[in-house]
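Protein chains: 2
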Amino acid sequence: MPRFFGTPDGVHVGQQFIDRKDLHEHGVHRPLQAGISGTGKEGADSIVVSGGYVDDEDHGDFIIYTGHGGNDPKTRRQVADQSPTASGNAGLITSRILGLPVRVIRGAHRGSSFAPPYGYQYAGLYLVSDAWAKVGRDGFRIFLFRLDRLPDQAEIWTRRPATSDPAFGTATISRRIRDTALSREVKQMYNFRCQVCGGTVPAFGERLYAEGAHIRALGRPHLGHDSLDNILSLCPNHHAQLDLGGMVILDDFSAATTSDLVPFADLTFASSHRVTLENARYHRHLWLAVA
Amino acid sequence: MPRFFGTPDGVHVGQQFIDRKDLHEHGVHRPLQAGISGTGKEGADSIVVSGGYVDDEDHGDFIIYTGHGGNDPKTRRQVADQSPTASGNAGLITSRILGLPVRVIRGAHRGSSFAPPYGYQYAGLYLVSDAWAKVGRDGFRIFLFRLDRLPDQAEIWTRRPATSDPAFGTATISRRIRDTALSREVKQMYNFRCQVCGGTVPAFGERLYAEGAHIRALGRPHLGHDSLDNILSLCPNHHAQLDLGGMVILDDFSAATTSDLVPFADLTFASSHRVTLENARYHRHLWLAVA
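The listed protein sequences derive, respectively, from chains A and B.
Be aware that the first sequence starts at 1, since it is given in the UniProt record's numbering, and climbs by one per residue.
Be aware that the second sequence starts at 1, since it is given in the UniProt record's numbering, and climbs by one per residue.
Don't take each hint at face value.
To be verified - To give an idea of the interface, some chain B residues facing chain A are shown, with a C-beta separation under 8 Å as derived from the structure:
id : residue
1  : PHE5
2  : PRO84
3  : ALA90
4  : ARG184
5  : PRO202
6  : ALA203
7  : PHE204
8  : GLY205
9  : ARG207
10 : TYR209
11 : ASN237
12 : GLN241
13 : LEU244
14 : GLY245
15 : SER259
16 : TRP287
Claimed, not checked - To spell it out: a stretch of chain A is covered by chain B in this simulated footprint if at least three of its residues, at any positions, have a beta carbon under 8 Å from a beta carbon of chain B; those stretches are:
id : segment
17 : 85 to 99
18 : 199 to 208
19 : 235 to 241
20 : 251 to 261
None of these hints come from the bench; they were simulated from the model.
Using N, Cα and C, we set each Cβ at its ideal position, and we do this for glycine too.
Same shape as in the complex, but just chain A (with noise of 0.2 Å):
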């Protein structure tokens, strides 16, 4: 049976199930113990929140996860590195790639105002909208998942959930629409042309279309800066590699590839524009946990 990614017929958003085996049953949640169902090659279709670590935030509307892997279920504690082949860890990586819908399930526990008194709910589709490595509190690389919940779906909490974090509420919105005042003075200074690539898009009536690329994403969990010494003016090819960990920024301002760190581009900059250090080695740190 191929992958299901979506609501299972006959399923409905807010629906209890009593255990494990009835999510598995009504194809909601595939496997029977993984947190994760997924595979690096067709991504992921479900994740059970249930509190199982530390680095979890629950906002309802958005949810911070933490990937599979490393985790002493006594202690809670990791006690080595996760992984981002492991299947989970990497399904959820190609999910945010593709765009895949994945169905959240949430499991009662004390950590969330959102969970269920009992048993299981699904909360609906959400979607991959950040991935980031970091070095947890007890010392080891763990891989961390933004999801955010899709419009339009039945509202299943009493309370409207909090609302506190405008910043990153454009985050699932496009990056035309994320575009801020100083990003678009970057893209000014350069012409609507890549700092990467010297390309532009030719859009209708002779105009040029280049993107503004904040190197640290603003608003949660990364509070980057609206900055100039943040903003990269690039095409939309090489934002998005910036964006999905393709492309990292090395220390002489080359760009390079991820996986070997081989640069392919110098940075081309106006007289007036610097970015700072900082800023690139953040980003830099998001994928490969190390400076």
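The hints should help you fit chain B onto chain A, whose structure is shown.
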């Protein structure tokens, strides 16, 4: 004074204004007569919606707005073609490409249940999410703009605007999110390579990233189909170029720049994949108003 984009200091969403002079003095809408404030070079910073054109539609959270020119104010009929280089129209096209926020002001008129009972009301910031040409009912070319209200602004209508347009609800959401199951299938047919240039975007962990592009857009007003004959696998650059009217597809399935219709590439097709000429012609017509 440089053109100001955004809500001026001291003005709040929902604020009432007596007349055009009052709007001018508060920096909400500077021209005293024109409906669109803007130029092709700088973009458009504000528009007044006052029901002057028969093709206008006001849905509260989104608006279909007719461009400037060729209209007889007495009869409200079109008597000439509209021009994409007229400053208001060029301004809104630039705002779309640059992602500039546009102040929307509604004047009292009978055509919209969101219009104020008298004078003018500042409705907040909107983004130009779409722009296209068509031959209107009077036989002349007009330009139409779709504007979508930015999130996280004050609610100013007593009733919640009808969300009668779920397919288009996602138009302002990122291209990644707009992916459908079929567009993922198309991207996989081409191994995440662009049918125009053969390129791809490297993402984290040896993955490749491409985008599924609907030639005739889903949702209103275009009502394209989510079907294999309407989807291309494109790199983000060529997707943006197609979306922003910098590229059209000719009848021999070559890609051409819109301004001169000179082909620069032949689309690559997998043996099991075809797109229909109707969809390519529909897209071309949006920009040229000629088949």
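Structure-based check of each hint:
1. Checking PHE5/B against chain A: minimum C-beta separation of about 7 Å stays under 8 Å; hint holds.
2. Proximity of PRO84/B to chain A holds as hinted, the smallest CB-CB distance being about 6 Å (cut-off 8 Å).
3. The closest approach between the C-beta of ALA90/B and any C-beta of chain A is roughly 7 Å, which is under the 8 Å cut-off, so the hint is satisfied.
4. At its closest, the beta carbon of ARG184/B sits 6 Å from a beta carbon of chain A; the interface hint therefore holds under the 8 Å criterion.
5. A least Cβ separation of about 4 Å between PRO202/B and chain A falls short of the 8 Å threshold, and the interface hint therefore holds.
6. For ALA203/B, the interface hint holds, since its Cβ comes within 8 Å of a Cβ in chain A; the closest pair sits about 4 Å apart.
7. Because the smallest distance between the Cβ of PHE204/B and any Cβ of chain A comes to about 3 Å, under 8 Å, the interface hint for this residue holds.
8. Given hint, GLY205/B at the interface with chain A, holds; its Cβ is 6 Å from that chain's nearest Cβ, closer than 8 Å.
9. At a threshold of 8 Å, the smallest CB-CB gap from ARG207/B to chain A is about 5 Å, leaving the interface hint in force.
10. Against a cut-off of 8 Å between C-beta atoms, the interface hint on TYR209/B holds, since the closest Cβ of chain A lies about 5 Å away.
11. Taking 8 Å as the C-beta contact cut-off toward chain A, the hint placing ASN237/B at the interface holds, the least distance being around 5 Å.
12. The interface hint given for GLN241/B holds, since its Cβ lies 5 Å from the closest Cβ of chain A, which is under the 8 Å cut-off.
13. Among the interface hints, the one on LEU244/B holds; its C-beta lies about 4 Å from the nearest C-beta in chain A, closer than the 8 Å criterion.
14. A distance limit of 8 Å between C-beta atoms decides the matter here; for GLY245/B the minimum to chain A is near 3 Å, and the interface restraint holds.
15. Of the supplied interface hints, the one on SER259/B holds, with its beta-carbon coming within about 6 Å of a beta-carbon of chain A, less than 8 Å.
16. Given hint, TRP287/B at the interface with chain A, holds; its Cβ is 6 Å from that chain's nearest Cβ, closer than 8 Å.
17. For the segment 85 to 99 of chain A, the stated coverage by chain B is satisfied: 7 residues place a CB nearer than 8 Å to a CB of that chain, which reaches the threshold of 3.
18. Taking a C-beta to C-beta cut-off of 8 Å, the segment 199 to 208 of chain A contributes 8 residues in contact with chain B, enough for the three needed, and the coverage statement holds.
19. Counting residues of the segment 235 to 241 of chain A whose C-beta lies closer than 8 Å to any C-beta of chain B gives 6; at least three are required, and the coverage claim holds.
20. Counting residues of the segment 251 to 261 of chain A whose C-beta sits closer than 8 Å to any C-beta of chain B gives 3, which meets the bar of three, so the coverage hint holds.
Checked against the numbered hints above, the structure breaks none of them.
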